[in-house]
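Student: This is what each chain is made of:
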Amino acid sequence: AQSVTQLGSHVSVSEGALVLLRCNYSSSVPPYLFWYVQYPNQGLQLLLKYTSAATLVKGINGFEAEFKKSETSFHLTKPSAHMSDAAEYFCAVSPNFGNEKLTFGTGTRLTIIP
Amino acid sequence: DAGVIQSPRHEVTEMGQEVTLRCKPISGHDYLFWYRQTMMRGLELLIYFNNNVPIDDSGMPEDRFSAKMPNASFSTLKIQPSEPRDSAVYFCASSPGDSGFVGEAFFGQGTRLTVV
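Sequence order for the protein chains is P and A. Start counting the first sequence at 1; every next residue gets the next number (my numbering). Start counting the second sequence at 115; every next residue gets the next number (my numbering).
Heads up, some of the hints might be wrong.
Cβ-Cβ distance ranges computed for the label pairs, FRET-style [claimed, not checked]:
1. Gly8(P) / Val230(A): 33 to 43 Å
2. Tyr39(P) / Glu158(A): 48 to 58 Å
3. Ser26(P) / Met153(A): 20 to 30 Å
4. Pro210(A) / Gln42(P): 33 to 43 Å
5. Asn166(A) / Ser14(P): 26 to 36 Å
6. Pro195(A) / Glu66(P): 46 to 56 Å
7. Ser28(P) / Ser172(A): 33 to 43 Å
8. Met129(A) / Ser9(P): 28 to 38 Å
9. Thr152(A) / Ile113(P): 35 to 45 Å
10. Pro184(A) / Ile113(P): 45 to 55 Å
11. Ile119(A) / Ala53(P): 29 to 39 Å
12. Thr152(A) / Ser3(P): 16 to 26 Å
13. Ser9(P) / Pro198(A): 17 to 27 Å
The following residues of chain A were derived to be distant from chain P, with all beta-carbon distances above 10 Å [to be verified]:
14. Val126
15. Arg136
16. Lys138
17. Leu159
18. Asp170
19. Thr190
20. Phe221
21. Gln223
With the C-beta cut set under 10 Å, the calculated list includes, among others, these residues of chain A facing chain P [claimed, not checked]:
22. Gln131
23. Tyr145
24. Phe188
Hints listed in this document are in silico derivations from the structure and should not be mistaken for laboratory results. The C-beta atom is built at its ideal place from N, Cα and C for all residues, glycine as well.
Can you make the complete structure from the sequences, with help from the hints?
Tutor: Rendered as structure tokens:
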């Protein structure tokens, strides 16, 4: 079985500061990992995904995440926060053999302080 | 492509009434998912289809909920009878399933259901 834990349901950072959103996974098989973003009144949109090709994954809008097997983590970072980054972020996992549904975390709401 | 299209965007209904939510997936996508999002329970997968066949409906909360996919371009989620605790945002998503991989899902904008 697979699951993800997102540490911190709410995170606030100042505009221009580093964004760090934490995600730890639990998986009985090598996982695929994802970050999705949800803007207000919108559906979820894929930010980036890890599919075992490279441990550092770059996504849209300047976000990136690093897969660390030793720490079972897949934290999302962005060097400099922008007001437009305010949204809810979801980490998700699926087994890497495909044909399986995503399991989402509970989400982290990111607030940007001007 | 216009993306995943859901209708209606908002639905307000009285308890006991039947509610039907509709979804048009992205053309060519083999997988379709129905999710429910609430403050209390977060994002829950209700059911998903592969090539119009239901694969896993273990997330469907009760027999009051049913979902169909009569063809590759249309799916419905029906609640009959509706109850106030069904109030939530319901999302439809589709995935290309390339090489059997379903991880990258494309979401619709959701239907906000309010049952009074």
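Student: Each hint should be assessed against the structure and marked as holding or not.
Tutor: Hints, one by one, checked against the model:
1. Gly8(P) / Val230(A): 33 to 43 Å: holds (34 Å)
2. Tyr39(P) / Glu158(A): 48 to 58 Å: 20 Å Cβ-Cβ, so the 48 to 58 Å window is violated.
3. Ser26(P) / Met153(A): 20 to 30 Å: This hint holds: roughly 24 Å between Cβ atoms.
4. Pro210(A) / Gln42(P): 33 to 43 Å: violated (21 Å)
5. Asn166(A) / Ser14(P): 26 to 36 Å: Distance hint for asparagine 166(A), serine 14(P) is violated at roughly 49 Å.
6. Pro195(A) / Glu66(P): 46 to 56 Å: holds (48 Å)
7. Ser28(P) / Ser172(A): 33 to 43 Å: violated (18 Å)
8. Met129(A) / Ser9(P): 28 to 38 Å: holds (31 Å)
9. Thr152(A) / Ile113(P): 35 to 45 Å: violated (28 Å)
10. Pro184(A) / Ile113(P): 45 to 55 Å: holds (49 Å)
11. Ile119(A) / Ala53(P): 29 to 39 Å: holds (32 Å)
12. Thr152(A) / Ser3(P): 16 to 26 Å: holds (19 Å)
13. Ser9(P) / Pro198(A): 17 to 27 Å: Given range 17 to 27 Å: holds, Cβ gap about 25 Å.
14. Val126: At about 16 Å from chain P, valine 126(A) clears the 10 Å cut-off, so the statement holds.
15. Arg136: Its Cβ never comes within 10 Å of chain P, the nearest being 15 Å, so this holds.
16. Lys138: holds (14 Å)
17. Leu159: violated (6 Å)
18. Asp170: Given that some Cβ of chain P is not farther than 10 Å from that of aspartate 170(A), nearest at about 7 Å, it is violated.
19. Thr190: holds (18 Å)
20. Phe221: At about 3 Å from chain P, phenylalanine 221(A) fails to clear the 10 Å cut-off, so the statement is violated.
21. Gln223: The claim breaks: glutamine 223(A) does not keep its Cβ more than 10 Å from every Cβ of chain P (closest is about 5 Å).
22. Gln131: violated (24 Å)
23. Tyr145: holds (9 Å)
24. Phe188: The hint is violated - phenylalanine 188(A) has no Cβ within 10 Å of chain P, the shortest such distance being about 18 Å.
Taken one by one, the earlier hints fail for this structure at numbers 2, 4, 5, 7, 9, 17, 18, 20, 21, 22 and 24, listed in ascending order.
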